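Asker: One-letter residues, chain by chain:
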Amino acid sequence: MDKSRRRFMKGAVAAGGVATFAAGYSDPLLKMGKGVTGSAGEKPNHRIHDNSLVPEYTVDPQSGELTLNPDQRVAFTVCYGCTTKCGVRVRVDKATDQVLRVSGNPYNPLSSDEHLPMRTPVVDALRGLSAYGDQGQQNRSTACARGNAMMAQIDSPFRVTHCLKRVGGRGGREWQKISFEQLIEEVCEGGDLFGEGEVDGLRAIHDHDTLIDPENPEYGPRANQLMVMEATDYGRSALLKRFTMNAFATRNYGHHGSYCGLAYRMGSGAVMDDLAKNAHTKPDIQNARFILYVGTAPSQAGNPFKRQGRLIAQARAAGTLDYVVVDPGLNASVSHAADHNRWVPILPGTDSALAMGMIQWLLNNEGYAKGFLELPGQPAADAANEATHTNATHLVIDTEGHPRRGRFLRASDLNQAEAGSEADVPMVVADGELVASDSVMAAELFVNREVALADGETLRVRSSMTLLRDAANEQDLATYAEHCGIPEDTIVDLARRFASHGRRAVTNSHGGMMSGHGFYAAFGMQMLNVLAGNHNRKGGSAVGGGQFNGVGEGPRYDLANFPGKRGPQGVFLSRSRFPYEKSSEYQRKVAAGKNPYPARAPWRSLAPPTLTEHLPSALDGYPYPIKAVIGCMANPIYGQAGLEALIADKLKDPKRLGLFVAIDGFLNETNRYADYIVPDSVMYEVWGFTSAWKGNLGKMTTACWPVVEPRQQKSEEGEPVSMDSFFIAVAKRLGLAGFGDEAIPDAEGNLHPLHLAEDFYLRAAANVAMQGEPLPAADESDIVHAGLAPLMPRIERTLKPEEHGPVAYLYARGGRFEDFKDHFKGENLTSAWKRTLCVYNEQVGTSIDTRNGELNRGVPFYSMPKLADGSAMREVFTEEEWPLLAFSFKSNLMNSYAIGLERLRMIKPYNPVMMHRQDAERFGISHGDTIRIESPGGSVVALALVGEGVMPGALGIEHGYGHRDLGATPHVIDGESQPDLEWLRAGININNLGFKDPTRSVAGTWLEPISGAAVRQGLPIRVTHIDV
Amino acid sequence: MDPIRRSLLGQLARLSAGAALVPLSSVANAGINQQPPRREGDPTKRYGMLIDLRQCIGCQACTVSCHIENAAPLGSFRTTVAQYEVEHQETGEVATFMLPRLCNHCENPPCVPVCPVEATFQRQDGIVVVDSDRCVGCAYCVNACPYDARFINERTQTADKCTFCAHRLEAGLLPACVESCVGGARIIGDMRDPASQISRMISEHGDELMVLQPEKHTMPQVFYLGMDERFVTRPHAEPVALEVLDPHGKEMGYEFHH
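Chains as they are written, first to last, in UniProt numbering: chain D, 1 to 1028; chain E, 1 to 258.
No wet-lab data here; the hints were simulated from the structure.
For clarity, every value in this text was computed on a predicted model and none was experimentally measured.
Cβ coordinates follow ideal geometry from the N, Cα and C atoms, glycine included.
All the pointers check out, no bait thrown in.
Calculated cross-link-like contacts (lysine to aspartate or glutamate; reagent style EDC-like; alpha-carbon spacing at most 20 Å):
#, chain 1, residue 1, chain 2, residue 2
1, E, K250, D, D980
2, E, K250, D, E982
3, D, K714, D, D155
4, D, K43, E, D133
5, E, K250, D, E934
6, D, K538, D, D113
7, E, K250, D, D1027
8, D, K43, E, E154
9, D, K43, E, D131
10, E, K45, D, D60
11, D, K241, D, D741
12, D, K800, D, D746
13, D, K866, D, E854
14, D, K565, D, E553
15, D, K589, D, D213
Restraint-style ranges between C-beta atoms, simulated for each label pair:
#, chain 1, residue 1, chain 2, residue 2, range
16, D, R47, E, A195, 25 to 35 Å
17, D, D71, E, A195, 29 to 39 Å
18, D, A318, E, A195, 21 to 31 Å
19, D, H1025, E, H257, 19 to 29 Å
20, D, E114, E, R39, 38 to 48 Å
21, E, E229, D, E482, 32 to 42 Å
22, D, E773, E, A195, 32 to 42 Å
23, E, D193, D, R47, 19 to 29 Å
24, D, A95, E, D193, 34 to 44 Å
25, D, N852, E, G249, 40 to 50 Å
26, D, M792, E, P37, 45 to 55 Å
Sequences and hints are given; from them, build the entire structure.
Answerer: Here it is in structure tokens:
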């Protein structure tokens, strides 16, 4: 045995079945008395196979001939079990319309080892999953535990299947059933809906002619007083956004990103010069030689979950990869069964110390891709056969107080080009000369000098690389080590190993960056990829293959535009993407001779619209109040640390919010406060298109269609009530453009109706199927083997004849997927990121911190987490009072909406918290003790799991437990109490330990300063043993 | 861990694959070690499973897909994956060890001879099954299995266990756990067919393969690759407390205890 594997068992941790096999011993002995005349139980279906499912088809082991089971059908669609959105194959019992079991779609790269080429006949795909020739296990297509268990959502006792209107005060969990038509009427027309006074309906709010606030015209029209939020794009966002942004045209749309991974995404956007969309990358696991995972863990969680898990497993067995997982807690990604992988514990919220420590070592030991970083512009990159270049050599104006401080020194500054013209490129130094970055093949990395301008003014300039080195050298390595809790020699070892693998060394992060300095931590971690020069490279950081977009200006239909389309205008509630300095408020203050800083609340010019600020700010009326919220599957109260305590009471107040409509199949912690519930379809009942989030090198779009009949109420027209039918009905009633008759232009300019969900999604399918090289027509065998019988009449009814065959071909394969192939050209990835990679981000470096009017820094740097006014969190919440830091991690089983799934609860019924043995001893806590965890914002009772698998000083909380709704508390509908189950309340939710930032005047939870992301990593807490 | 136990573990012989592999020449019907003759099933086959622990990601997809496929009662499992935290003896470095478990379809299954009504039997293809028409639910077999792989099904009141999804193998399909194994760790197949994937992997990795509790002489036919030999016996591990707490700290027990 390899020496590194010489470990001994310390304890059994978590995960399921630990006790359950042993449970086999417990009660059988009691049954011994029942005699020998046979069993007293239910007689199973088969004497040997008991009640096991009848196979969906059979495959002859000799000939491979496949025979379908006539009582079942297999269809391909999408799993909603997490945001990976894997393509799956669903077995359905034809007689009962019940889903029997689910596994992977072999055409889909997110589910399969080597996914099948599109040309594969479906019957061959099904055969390939069988035992015939061991094919099915040589090339699997799987569903994970949750993906398997999720089908129970469909007939869950906790599901809402009827339109509901609240009875009594908001949040009282009491409802009455109403018709869909009544719901639409009341939501649109308003009135005294609850006996609490007049409520504006959507018709009144849909006002594009009147300003919200004439004093602050930039806030835009009153239509912005509708806010629409959704969990994430499960494939239907295009229709929701069509309504929200382009038909109703409110500015205020939000999704879960700001309490999911926004700090990471923005840090990534900063190095990729893409703060508009915050592009990000994933390691090419198959070709990388060293991967440093920090705050993300493939196979524990992460996206794409199965694909990363499978690739890391294969790399472990093949021995091709060395990887390190840096995380406050040990997780499933670190395997004792193989060598070359290792866990390094870190204190929560201190990742910037690790990043800057590693950067320091790399810069001081020339551990970077020198030749690549020296490429100053695209001509040099092209000559070197690189997809892009970095701005490492570009010069940044760094004269204190200069109005152009933070800008690149450009050709126009030296009168060598017209400002803003194509020739106005950043300047670099080559051979000691100041030259344009596109004029030389290499430039100096480290520059710090003065430059005389044409008008005689002298400026201090520093190269991006110098600014980075200066930032990295602000602390010594010992300080970094002390702050993050990783020994100095370990940091050096990580840096050295990272450097030793050259451009096949990669780092990747995600949710671990949701800390108080998370943006710069993520920026720093992603900087390691820039220094390694691994973007666009085999074994490096890959942007992935993208998607076949069906909802844009497609070859068959234009789903992005329609007659009468509007564009939203005005300032987001979250005050993002809008410089405070352009606001009327700022200008009034300046005009009145007042210091405009600090702003009343953060204005984050770099951040996308964030739900974390939208809701609390709207309820506090700053920058402006809102009148209505429509939420679709969104649950910010469960998901955002500290939100419930901050806004629950305000949310109940109809004066602060007039109307709250929730579209969902379940009553969660947020939509329990709704006025109306629109019962939504759940997975397998929906239409839509999804893609790979990242982590897949080929182009792909996954399609879903209702493979089972939606279980919920239908409208008078016979359509299932759902998100789609709700927005269509509202738009039609309000007469909004883009819905109803004459809503969808085709390529010839003819207009087609949008009355039903399929009017939209099937036309998107035609766009996907027929873009580029159109897909061929499906044959009868494909249609039979892919269970398309229920879909074909809808395709034929909706689409043009020439579209039927290709669209059926698409659905028969569950989407459209670029064939598996080598995605490389030499050492380069074929899907490349072409923008300049940023060592220094000019947009960040010239943005203003609205706390003090100072410039934000354009390179990553180390800081301990801070609160909204800039004071260190640890000054306000001291270590003496709050000695531990809580962190959350994603579960490989549970998610934030899966607690109702009993097959997951039976494996992992709740989430004991991870505590290090040293801390346990320090606070007098033993393994299995009941403890109270208190934070400045909350208090919960938990069970301590004491061991070595967590950083001393940190306390780990698995996410997905501690629910108060989704069935955990009874709701009353039409006077009848609905089913509830106390087991759903088990465990704790870290977000109940979040808190109100005490340094803010407009109420807000603790948010990361640059991004507005909810801080959940590194919450100050204390623990005490309690006797129950 | 106490030092005595540690030294005992140190003395444990790594099981050589040869001792555990199917004696292919064995006469399946002859009856060995008081085993009744095998019956039913395909006499030309011998099914076994190989689990490459290096590829197990502990995701429990096998656990759930098996549970659905075989309609096990909630809280009862035909297969599951235990997760352990292990610590390096010298450096203190900590890692995770995943151990998927299921019926070993032993060559010498101790559960079979103890059945008073011959309901539990071994098929000629090696799969150990229970005839629910005969089973009286006495649980002798449950107690005889050193691997805790059996339970009494609360609905049928008969012994229940993994059948390698015999109903799927007979249909030319893969067991649910194999089909859904995300990391690609589970390999099933006919070990009498030298061309099968499992046969090829057994010959490739023969010396590295281990089985659970070899000292029981059950000759398990589930082989582990990447196994830490100290796990072949029941690990001496501090269990996770499974008592669920309500929000006030009151113990709720386990929802699915029967």
